[in-house]
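Engineer: Here's the letter readout for the chains.
There are 2 protein chains.
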Amino acid sequence: MRKILALVLSCCLSGVSADPLPSWKEGPVKEAIVAFVTDVADAGGADFVPTAERIAVFDNDGTLWVEQPMYTQLAFVLERLKALAQEHPEWNTVQPFKAAIEGDMKALGEAGLEGLMELLMATHAGMTNDEFATIAADWIGAARHPRFGRPYTELVYQPMLELLDYLRANGFKTFIVSGGGAYFLRPWAERVYGIPPEQVVGSQIQLAFEERDGKPILVREPKIAFIDDKAGKPVGIQRHIGRRPILAFGNSDGDLQMLQWTTSPPGRRLGLILHHTDDEREYAYDRESHFGRLDRVRDLAPEHGWILVSMKDAWYRVFPSAR
Amino acid sequence: MRKILALVLSCCLSGVSADPLPSWKEGPVKEAIVAFVTDVADAGGADFVPTAERIAVFDNDGTLWVEQPMYTQLAFVLERLKALAQEHPEWNTVQPFKAAIEGDMKALGEAGLEGLMELLMATHAGMTNDEFATIAADWIGAARHPRFGRPYTELVYQPMLELLDYLRANGFKTFIVSGGGAYFLRPWAERVYGIPPEQVVGSQIQLAFEERDGKPILVREPKIAFIDDKAGKPVGIQRHIGRRPILAFGNSDGDLQMLQWTTSPPGRRLGLILHHTDDEREYAYDRESHFGRLDRVRDLAPEHGWILVSMKDAWYRVFPSAR
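These protein sequence lines map, in sequence, to chains Y and U.
Sequential numbering from 1 applies to the first sequence in my numbering.
Sequential numbering from 1001 applies to the second sequence in my numbering.
It is worth saying that the hints were derived from the structure and are not from the lab.
Since we're looking at a predicted model, the values are computed, not measured.
It is possible that part of the hints are untrue.
Stated by the list, open to error - Covered by chain Y, per the in silico footprint, the following chain U stretches (three or more residues, Cβ under 8 angstroms):
#, stretch
1, 1196-1208
2, 1212-1218
3, 1226-1239
4, 1259-1272
Unchecked claim - Interface residues of chain U toward chain Y, partial, derived using beta-carbon atoms under 8 angstroms:
#, residue
5, T1051
6, A1052
7, R1054
8, A1182
9, E1190
10, G1242
11, R1243
Glycine is no exception: its CB is placed at the ideal position from the N, C-alpha and C atoms.
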């Protein structure tokens, strides 16, 4: 019993004394986040939201981790693709395969998420989903970012990890809503972000149930089942979560509809947009970028009250310490 | 602080002393359930499963609530359909509309879940998802079961409510995996079952994101996006939950693949099948029923170790007390 008491006391005390967002600089952005969380969690306040309705959704690429010089999942795809290319001479003349094999990033960027999905299917269909999870997990453990030389899972944003923790400590349920593949993220999202597989909403390729040697398996078929990007994000949220988030955090035009969907109803809502302004510590890009283009969302932010978070100005640090 | 202590004490004491499954008769079924839950939650035991992996999936119709004399969602559809029929004279000659309007239950049963989906779409597309949620919630509040004269949400099975609570108290996350429509269940599943919308996996019609009067909406389109039945259940589980359940509870051949998927991996697993054997308190049906046919699953149960739960023999009571 004494142990329980000590635990209760230490929880209460630490919750009161420590800054839950130490990597966020004091200023209007941090103030807005803390005010929002405090207000919706205040049982006596006008903006109170019951715990069950405290749904927060986060884009992944460029919002929770690095998306330059290309989407991490695309780096993963390119390595697989090159290994399989000699069996597919036709890939040398057909886009987006040609661009992928030649490393033509501009053409790849223009192929967009749909192009990425095509490459994904060509390289990843025909195996079971469990096999794919193993391949993805093995790769993410071994791969290194070309500029930073660190595993991609260490190139997540420390301030965002703190924000996820802070929200959960205040009764929020945190979801990833990514244009990337759900099965690429799920093998490691819980370890890295504290977000379990069932709270990862993403693009999906078709799965087929079969029996092989008397054992049930799920085979990945070369067909897109769902693209969780742009207007697909509110659809993915509704299909998967079934209720309207009250907080959305994105960083590109792919998050436009998610931000609209989250912040348009009456009541207290928070829309946040990470603006990559930090060429020294990370990258600086917006309207002209092939990956994570931030153009329309930036123009629409003021009228919707979405808060632009300048990485350079809002964060003391970008990445976690090397482990 | 004294209040917290009292709370902790009362929790501990009630957890130790009270039977968490009072509506379940002593016998092999109850013993198997309690042994399974105890063993996977025993941190020192050979069958220990970490909390995050304690995923339990439940069929809904005929497993958590009554599915006779027809699926509840079908009763809902029929009322809507009759109201709309005079605008659609062609429905008088085309199945499954003809059967629906004439109340021909046999023909409707033969139309299966696909037929149900067709009726759903004809009567439910073209509105927003929020509007549909309101219609469904209003109906479920007002409708009465033809035999029992009670709201359908009171014709859930008391022993199953206890089992859901018992599992959650032991660190399980409980999901509904229903052939029925996710959006028909979500408006009330949390209140009735303690299962939040994001843990309801079900069939889905296509949603389209649109803007109307400057507001984003999700419109229900007359197209099936996903049928969460039979071989679709493991697919729905994988897409939505992203990890393999360790417990599955169903009652019909529609649950075959969900049971296979759940219980086939190595390690401790539990597959349960509710057998409707109680014509007095509820219904008795299996191999010949149009709704909830239990035929192949019953034959396959012994070789897979799935436990047949005879309603008549296993339960002291079927429904909760009238409220």
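Engineer: Take the hints in turn and mark each one as holding or not.
Structural biologist: Results for each hint:
1. 1196-1208: With 8 residues close enough to chain Y, the hint holds.
2. 1212-1218: holds (count 3)
3. 1226-1239: This one holds; 6 residues, not fewer than the three required, reach chain Y with a Cβ under 8 angstroms.
4. 1259-1272: That given contact holds, which follows from 3 residues of the stretch 1259-1272 of chain U lying within Cβ reach (below 8 angstroms) of chain Y.
5. T1051: Hint violated; T1051 (chain U) Cβ to chain Y Cβ min 10 angstroms, cut 8 angstroms.
6. A1052: holds, 6 angstroms
7. R1054: Violated - the Cβ of R1054 (chain U) stays beyond 8 angstroms from chain Y, reaching only about 12 angstroms at its closest.
8. A1182: Holds. Min distance 7 angstroms.
9. E1190: holds, 7 angstroms
10. G1242: This interface hint holds because 3 angstroms falls under the 8 angstroms limit.
11. R1243: holds, 5 angstroms
Violated hints, in rising order: 5 and 7; the structure is consistent with all others.
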